[in-house]
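Let chain A serve as the given structure and place chain B on it in line with the hints.
2 protein chains.
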Amino acid sequence: MSRRRITIKDVATRSGVHASTVSRVLNPETRGMVSEALAQKVLAIAEGLGYRRNPLASGLRTRRSYMVGVLIPDLSNPVFPPIVRGIERTLSANGFIAILADCANNEQTEQAMVENLQSRQIDGLILATAHRKDPVIEACLASGMPLVLVNRSVARADVSAVVNDDELGIRLALEHLTGLGHTRIGYVGGPQSTSTGYDRYRAFLKVARRIGIAVTPEIIVNAEAFSEPAGKQAFLRILESGKELSAVVAANDLLALGGYDALAARGQRCPDDLSITGFNDMPFIDRCQPPLTTVHIPHDGLGVQAALLLLERIADPDARARRVRLKPSLALRGSTRRLDATAAALKPRPARPAARART
Amino acid sequence: MSRRRITIKDVATRSGVHASTVSRVLNPETRGMVSEALAQKVLAIAEGLGYRRNPLASGLRTRRSYMVGVLIPDLSNPVFPPIVRGIERTLSANGFIAILADCANNEQTEQAMVENLQSRQIDGLILATAHRKDPVIEACLASGMPLVLVNRSVARADVSAVVNDDELGIRLALEHLTGLGHTRIGYVGGPQSTSTGYDRYRAFLKVARRIGIAVTPEIIVNAEAFSEPAGKQAFLRILESGKELSAVVAANDLLALGGYDALAARGQRCPDDLSITGFNDMPFIDRCQPPLTTVHIPHDGLGVQAALLLLERIADPDARARRVRLKPSLALRGSTRRLDATAAALKPRPARPAARART
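Line by line, the protein sequences give chains A and B. Quick note: the first sequence, position 76, residue 76 per our numbering, numbers continuous. Quick note: the second sequence, position 239, residue 239 per our numbering, numbers continuous.
In isolation and in its complexed conformation, chain A is listed as follows:
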């Protein structure tokens, strides 16, 4: 069924010139070596025959594949599609294409995928999968592969990364809550093996202490995953700790949704019984009930910057590693409410025995 591929030789035969002349014409960088008239003639014949350049073969000559690997921990987490779109659009505008791989949050799969991508001689790699201690990243750096981390990072200074300013994000959430009169504020964090989980947790400790919030172990629970079920479990632990909190800062939107589930399981409601803030501002979170007040991260921008940084590194693999930190903002919605000081003092809310019995 498939037709024979048109080669440079076919174009040469039809044009009555040598194949090397056709090759010069077809490469924009060497086209100036032949006359303009001849170049136009050869180009017209190549187009008429349906000649298509073979980057597989020219990739072998130039040692460049114009392919970039992009590894995502979980494409069904709504924060990643906008990052991928930003990466893909930027690479495409620069003549590169993205090979996307989703490792389903599995480190062994990730390792195998990186090896597969490297064996295809990709020109570089963008990883959204980083763990704070990450043998995959160590191996990539050791191999000299141009590498950029996006969204998550590692502590090493010799790897380029584009991340959100997580400390600013936590500060925005905390200042918003204290501005509404909250002082008893808990924290539901993410896995400490990721930089996002770790940095947001450290930021909460730092900012909370600075603005005078009593930080005790009971009001902080780091969930085992950035997921709704893990968030629900973490919120339940805080809600059942006996500490009377009026608000909780969550380290991402899925954890915050788990908080909604934990409240529902106890017959309580957000924000009436507990104000909750999220982190990410993932698509459609503004349509949840209640719409989530959350730290907005410019995910598309993270993707764009990561692609630009990688293109820089591909052009100059020995350039110094750079770290780009984008600024988040706060999206104000319905999951946080002003604390009525009198009411709060009269009837401290949480952990009602009756409600608890229902769970």
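Think of the hints as simulated: they come from the structure by calculation, not from any bench. Model, not experiment: these values are computed from the prediction. Even glycine gets a Cβ: it sits at the ideal position worked out from N, Cα and C. Since no wrong hints were added, every one of them can be taken at face value.
Partial pick of chain A residues on the chain B-facing surface, computed with a CB cut under 7 Å:
| no. | residue |
| --- | --- |
| 1 | 52 |
| 2 | 75 |
| 3 | 76 |
| 4 | 81 |
| 5 | 85 |
| 6 | 88 |
| 7 | 97 |
| 8 | 99 |
| 9 | 100 |
| 10 | 284 |
| 11 | 287 |
| 12 | 288 |
Chain B alone, transformed into the frame defined by chain A:
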């Protein structure tokens, strides 16, 4: 910074055998031509040196790249990530990788991307971008490229496709509504240039007539895009038509969310003033307010089946085209309510002049 690549020659020198012997050992299909003991020795040395097969070069020999192009109209539409995950997982399990491209709903971009993918000698292509009349698909078929359509399709019988059974989906939605006592049911469709828009519209006409619903032009509006703003406009047209409807079937979830917006703009609510059903069951739609009753499509399954069908076609490009139709189910949630016959008769609801003035 980058280290020199280990070649077959390096392995041969270290093993004390000829390069062609190493080549035979490294290819599982020719390994039987050398002794088991020698093969094990060469493999151990290759691994010790960190030899990595170069599929770019072996792809030139076998004329296979083990790469598949996957073209998505819009990765930020939440139905596509699960399809991509299903495709990617299935391809990966079979030694192929996916090159993902997002054409941002732009036909010219799509054309350019397909040409780019073809020039990289992909072994096949999965398109989620089909329009009912689609020059890109015509060109792919003409080139003999193994091709599978997913989610959307074309009317031609000679192209393989994996789609949802849209007529069954519309029937499930309509029977659910009539079971709740609704008889005045409208329809907000999608763009008629896509098979999903067209097939669901035809299915509504067919099923509605069969179950005795009065179908008049005023109660049907096909939106210009599968998006929330287009859905809002379409719902407003129906709500302002003067026809007193108690329910609307929407051709996808984003259109249904646009219906929520249209009601809100008129000071009305779902399902109190209008029951709405969606189509897709996209992630997190169960958390919207109200949670959307919708036709659940097994998107991951669409992706898996599309990948399997493409692998079949790559193995046998002359095999007959196949069409796989997956069965949807109905996800019952809070956007539909039982119609109180008496109340409905007493105070026919829609298009309140007061509310309308507010918009």
